[in-house]
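Visitor: Chain residues, written in single-letter form:
Number of protein chains: 2
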Amino acid sequence: MNRSNQILKDILKSNRLSVTNQRLLIFNILSQNQPLSMNELIKKTNSEIDRVSVYRIIETFISVGIAQKVSLGWKYKIELSDTFQDHHHHLICLACNKTIAIHNQGLESYLNKIANENNFETKNHQIEIQGYCSDCQKS
Amino acid sequence: MNRSNQILKDILKSNRLSVTNQRLLIFNILSQNQPLSMNELIKKTNSEIDRVSVYRIIETFISVGIAQKVSLGWKYKIELSDTFQDHHHHLICLACNKTIAIHNQGLESYLNKIANENNFETKNHQIEIQGYCSDCQKS
DNA sequence: CTATAATTGCAACTGATTTGCAATTAATTA
DNA sequence: TAATTAATTGCAAATCAGTTGCAATTATAG
Ligand SMILES: [Mn+2]
Ligand SMILES: [Mn+2]
Ligand SMILES: [Zn+2]
Ligand SMILES: [Zn+2]
Chain U
1 MNRSNQILKD
11 ILKSNRLSVT
21 NQRLLIFNIL
31 SQNQPLSMNE
41 LIKKTNSEID
51 RVSVYRIIET
61 FISVGIAQKV
71 SLGWKYKIEL
81 SDTFQDHHHH
91 LICLACNKTI
101 AIHNQGLESY
111 LNKIANENNF
121 ETKNHQIEIQ
131 GYCSDCQKS
Chain D
1 MNRSNQILKD
11 ILKSNRLSVT
21 NQRLLIFNIL
31 SQNQPLSMNE
41 LIKKTNSEID
51 RVSVYRIIET
61 FISVGIAQKV
71 SLGWKYKIEL
81 SDTFQDHHHH
91 LICLACNKTI
101 AIHNQGLESY
111 LNKIANENNF
121 ETKNHQIEIQ
131 GYCSDCQKS
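These protein sequence lines map, in sequence, to chains U and D. Using the numbering used here, the letters of the first sequence correspond one by one to residues 1 to 139. Using the numbering used here, the letters of the second sequence correspond one by one to residues 1 to 139.
Think of the hints as simulated: they come from the structure by calculation, not from any bench.
A pair counts as met if it fits within one copy or between any two copies, since identical chains are not told apart.
Taking lysine-lysine pairs in the BS3-like style, the calculated list, with each CA pair at most 30 Å apart, reads: (1) 138 / 123; (2) 43 / 9; (3) 113 / 69; (4) 138 / 69; (5) 13 / 123.
Let the sequences and hints guide you as you build the complete structure.
Guide: Here's what the structure looks like:
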């Protein structure tokens, strides 16, 4: 039982949500991976959880701030929320599909400035840079 | 026949693509709107074009640079490419769904810098700020 | 105007996500 | 700890988004 597992349970309990094996499994899968599409996530459960339940668990996780959606490759993927990892964004390689995390405070304040200028109250933002990683650039 | 309609025809012809009524209609719908989801776009055609053809036309438009996908609200929407409008990104209101275009050169160079630092060759990027517009903030 | 090539519409299909409901499991209470 | 209650899950079936094959239609070129 590590630190983040404890935080998970606290969040669940404080929202009157049960701590189930299915929820723990999904949390652990997310802990060990880059952002996953629903299908990738479902595959990683190795049929231990019904697809429908995976969808429902993710919906719940998002609603209480355990997980979050990120826009990647024209659809969303799921990763743990900023409660469990540093806020960041991704470069995604169009050739090998690798994602590279970027942590950049300057970018963040730039976005805040833009929102302010537009009288806009930011809840969230998505940034994705699509292109070719250093490994895939030769051709 | 306005200027951008002429550009459209030139692009089609230079790619050996026919100028059809269906393609003109879709181009005109896109010209008059904010980014549209495929479903919104299909609705706006008022059944004058089969859904399948709308999908195929958009695929063609994207492949020759007439239109482009943008990530908005966890799925992609379609808008005319930067050939027909200035490169920009969007704020999207979670309450009223309005999109607000932002043109910001500083943001663009910031992204380029980040890509460079990561030895990444950028093809494209997506930026979306989700939150509440000035009209929807009172509550 | 005719011939040729490209495009469209239709029917059917696939894969992703949602919904209703009964069976199971977790949390609470005694 | 056992019984009760409430939440969660799995299964079947529905819906929605996007795709494919093919014949009918329309556009382009000669
Ligand atoms: Mn960020
Ligand atoms: Mn941009
Ligand atoms: Zn790569
Ligand atoms: Zn609004």
